[in-house]
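These protein sequence lines map, in sequence, to chains A and B. Straight run, no breaks: the first sequence in our numbering ends on number 384. Straight run, no breaks: the second sequence in our numbering ends on number 384.
Since the hints were derived computationally from the structure, they do not count as laboratory data. Note that the structure is predicted; figures quoted are calculated from it, not measured. Watch out, some of these pointers could steer you wrong.
To be verified - Straight-line alpha carbon distances no greater than 25 Å define the calculated DSS-like cross-link-like pairs of lysine-lysine that follow:
no. : chain 1 : residue 1 : chain 2 : residue 2
1   : B       : K240      : B       : K262
2   : A       : K138      : A       : K27
3   : B       : K218      : B       : K179
4   : B       : K27       : A       : K314
5   : A       : K317      : B       : K138
6   : B       : K320      : B       : K57
7   : A       : K320      : B       : K57
8   : B       : K314      : A       : K320
9   : B       : K317      : A       : K138
10  : B       : K48       : A       : K48
11  : A       : K93       : B       : K176
12  : A       : K48       : B       : K320
13  : B       : K317      : A       : K48
14  : A       : K83       : B       : K20
15  : A       : K57       : B       : K48
16  : A       : K83       : B       : K93
17  : B       : K138      : A       : K57
18  : B       : K57       : A       : K57
19  : A       : K320      : B       : K320
20  : B       : K83       : A       : K320
21  : A       : K83       : B       : K320
22  : B       : K83       : A       : K317
23  : A       : K218      : A       : K27
24  : B       : K15       : B       : K262
25  : A       : K317      : B       : K48
26  : A       : K218      : A       : K179
27  : B       : K320      : A       : K93
28  : A       : K317      : B       : K93
29  : A       : K20       : A       : K218
30  : B       : K57       : A       : K48
Here is what each chain is made of, one letter per residue.
2 protein chains.
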Amino acid sequence: MSFAVKQKSKNSKARRGELKVPHGVIQTPFFMPIATKAAVKTLSSADMEKLNAQILLSNTYHLYLRPGMDVIDTYKGLHNFMSWQKPILTDSGGYQVFSLSKMRKITEEGAEFASHIDGSRHMLTPELSMKVQQVLGSDIVMAFDECTPPDYTEDQLEESIARTTRWAKRCKEAFEHNIDTSNNPQAKLFGINQGATNEYRRIAHAEELVKIGFDGYAIGGLSVGEPFDKACKIVEALDRVLPEDKPRYFMGGAKPHEIVAYVKLGVDMMDCVIPTRNARHGLMYRFVHDDLNKEDFYETVHVTNEKFSKDEKPLLRSRGVIETGFDEELERYTLGYVRHLFTVDEMLAYRLVTLINVRFYLELMERIRNSIEFDRL
Amino acid sequence: MSFAVKQKSKNSKARRGELKVPHGVIQTPFFMPIATKAAVKTLSSADMEKLNAQILLSNTYHLYLRPGMDVIDTYKGLHNFMSWQKPILTDSGGYQVFSLSKMRKITEEGAEFASHIDGSRHMLTPELSMKVQQVLGSDIVMAFDECTPPDYTEDQLEESIARTTRWAKRCKEAFEHNIDTSNNPQAKLFGINQGATNEYRRIAHAEELVKIGFDGYAIGGLSVGEPFDKACKIVEALDRVLPEDKPRYFMGGAKPHEIVAYVKLGVDMMDCVIPTRNARHGLMYRFVHDDLNKEDFYETVHVTNEKFSKDEKPLLRSRGVIETGFDEELERYTLGYVRHLFTVDEMLAYRLVTLINVRFYLELMERIRNSIEFDRL
Chain A
8 MSFAVKQKSK
18 NSKARRGELK
28 VPHGVIQTPF
38 FMPIATKAAV
48 KTLSSADMEK
58 LNAQILLSNT
68 YHLYLRPGMD
78 VIDTYKGLHN
88 FMSWQKPILT
98 DSGGYQVFSL
108 SKMRKITEEG
118 AEFASHIDGS
128 RHMLTPELSM
138 KVQQVLGSDI
148 VMAFDECTPP
158 DYTEDQLEES
168 IARTTRWAKR
178 CKEAFEHNID
188 TSNNPQAKLF
198 GINQGATNEY
208 RRIAHAEELV
218 KIGFDGYAIG
228 GLSVGEPFDK
238 ACKIVEALDR
248 VLPEDKPRYF
258 MGGAKPHEIV
268 AYVKLGVDMM
278 DCVIPTRNAR
288 HGLMYRFVHD
298 DLNKEDFYET
308 VHVTNEKFSK
318 DEKPLLRSRG
328 VIETGFDEEL
338 ERYTLGYVRH
348 LFTVDEMLAY
358 RLVTLINVRF
368 YLELMERIRN
378 SIEFDRL
Chain B
8 MSFAVKQKSK
18 NSKARRGELK
28 VPHGVIQTPF
38 FMPIATKAAV
48 KTLSSADMEK
58 LNAQILLSNT
68 YHLYLRPGMD
78 VIDTYKGLHN
88 FMSWQKPILT
98 DSGGYQVFSL
108 SKMRKITEEG
118 AEFASHIDGS
128 RHMLTPELSM
138 KVQQVLGSDI
148 VMAFDECTPP
158 DYTEDQLEES
168 IARTTRWAKR
178 CKEAFEHNID
188 TSNNPQAKLF
198 GINQGATNEY
208 RRIAHAEELV
218 KIGFDGYAIG
228 GLSVGEPFDK
238 ACKIVEALDR
248 VLPEDKPRYF
258 MGGAKPHEIV
268 AYVKLGVDMM
278 DCVIPTRNAR
288 HGLMYRFVHD
298 DLNKEDFYET
308 VHVTNEKFSK
318 DEKPLLRSRG
328 VIETGFDEEL
338 ERYTLGYVRH
348 LFTVDEMLAY
358 RLVTLINVRF
368 YLELMERIRN
378 SIEFDRL
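In isolation and in its complexed conformation, chain A is listed as follows:
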């Protein structure tokens, strides 16, 4: 059994469990910091170990273009390439094809796209996405799907979802076919649910995915501008269809209070660029109080604000419920110093606030796991 639910909350659908993948056992629910191009921006793999991150997410589309699969295969996969021997999840590449490339053309075969770097033409198919992720040696491989754009007509939406189902089948076949040549033969394969904001379509599609059978189920296409309450409704609706004994992954963007909400609806896994991207703009997260059930349990601080120029309080105010190898360092620097580093554009500024924000998200998950264990969520 690779996924075990150890405890269920009495007050919500939240669940506390363990997910076993080839590179380790992950405590759920968990959050995945994003190592887009084989590095969490400004941080190293050793840094992520010091932060006690359990797993990283990396992007198939980016790594496929650079450094390319011949390079990754030389190192026998991404784990060795980036010197990170804990779990890795890779996305399918589909989302970036749709969001980054200048040109894209969807056919039954796959998605043709022009590289955002040099305009070169590529064709990403379910089979190629599996091949690439298996060369990467990812622990959790994501099926290749179409993230449906908001401007699709009902007909286009229906066609897209049906195609994503057919692609999901091809993914499973290709994934199994490649196992002997994979850089991570024991990898897990997750299906991705689509259907825009239509609950009926979402459920119908999830039923199709469950029929095919995956090691876990992701809910895609809900962090691309859809309203939060709508996303919650869909996650709630899917609870009736998704198997209880498989992990559920809400893909992409979530603010801290949204993460709590999704966990309460039964979600086990999340990822987001928010902590790292906002860090580079000087936006810092910190806890205000302990009750995750109240949305105001955290606040954001714009450390670039002039009011902090002489602030002598430390960047990390409280270690809270976790310990990391950076705590002592983050307690040394004052807000005034970090504000100065932003003002004069020192890279160290981005690094320090990235550490703070990744630490915040990791602590949030620890608080969530503790809260479930004590039936406080």
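Fit chain B to the given chain A structure using the hints.
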């Protein structure tokens, strides 16, 4: 006695000693990594501790403009502001006024300049330079001098040097006058020798400085485009004038083999942006053999070169004669991975090669100190 020469080489003028300043005892000869704006680019103060750097150099001009002295004074000096409790040397601001500002006008009073940031007008005088460095709480304060430009006529040169002498006197007076209000009352004050490439003028100016009397003597204006052999001749000539019992500081730019040459001519202190600036362009230093007397004891490696794309050798090939808190991490990442990080413009690339290069320069100084002790230099 704040400076003690412990051993002199039998084969050159090289000397091995200790320099005591308020924040610690520094083993000489030493190299100062540059923390221009209160941070060594890409690195933190904790990182510099892990590298065992003995002292940092920071720039008065930059810190005077941003964050400004009111901010620094809130923290009672630069040591607290940047959380670095080991020694700091600050330059006088003169060099940056001459190299960075769009406008500059030298009068007997000082140097009027326009900020390179916002064009605002400022007047830097010997008295203000002392005041600023004493608010910074620097351990080694540098006298305010004019770094003579190469296009000066003989008359202009003579006038400039005479003015630098008068400024040196004013610096000493102001420095002593401010001691009670300084953030580092036990700080040392160094004079700066000028005179372009004219040995006669250099010696005459050094004699004037020695008459005034400083805790140490710097040789300025020789790393701004002057040929290396000419610089060596001047350092050699100054040996007859500079007191043996005071530290000698060759200011600015020096490649590794030049550092060895200056040490052999009796220099105790150096600084340079080379290791940090080149790192950000992917230029890496490493040792080739142990004999520092041969110029080819090191090599440079352009890690961005395509030939490294599949290289599985570690970034740090050998720990050599020192140990730092980053050695294990720098042995984890391969040249191929770091080359990739440069290709995709990840900040981590700049950080990793900065660590390698600062480590190289610090190891070079340790090798130099060992070589002097064993009469191998």
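Quiz item: Quick check: which numbered hints come out false for this structure?
Solution: 4, 8, 11, 14, 16, 17 and 19
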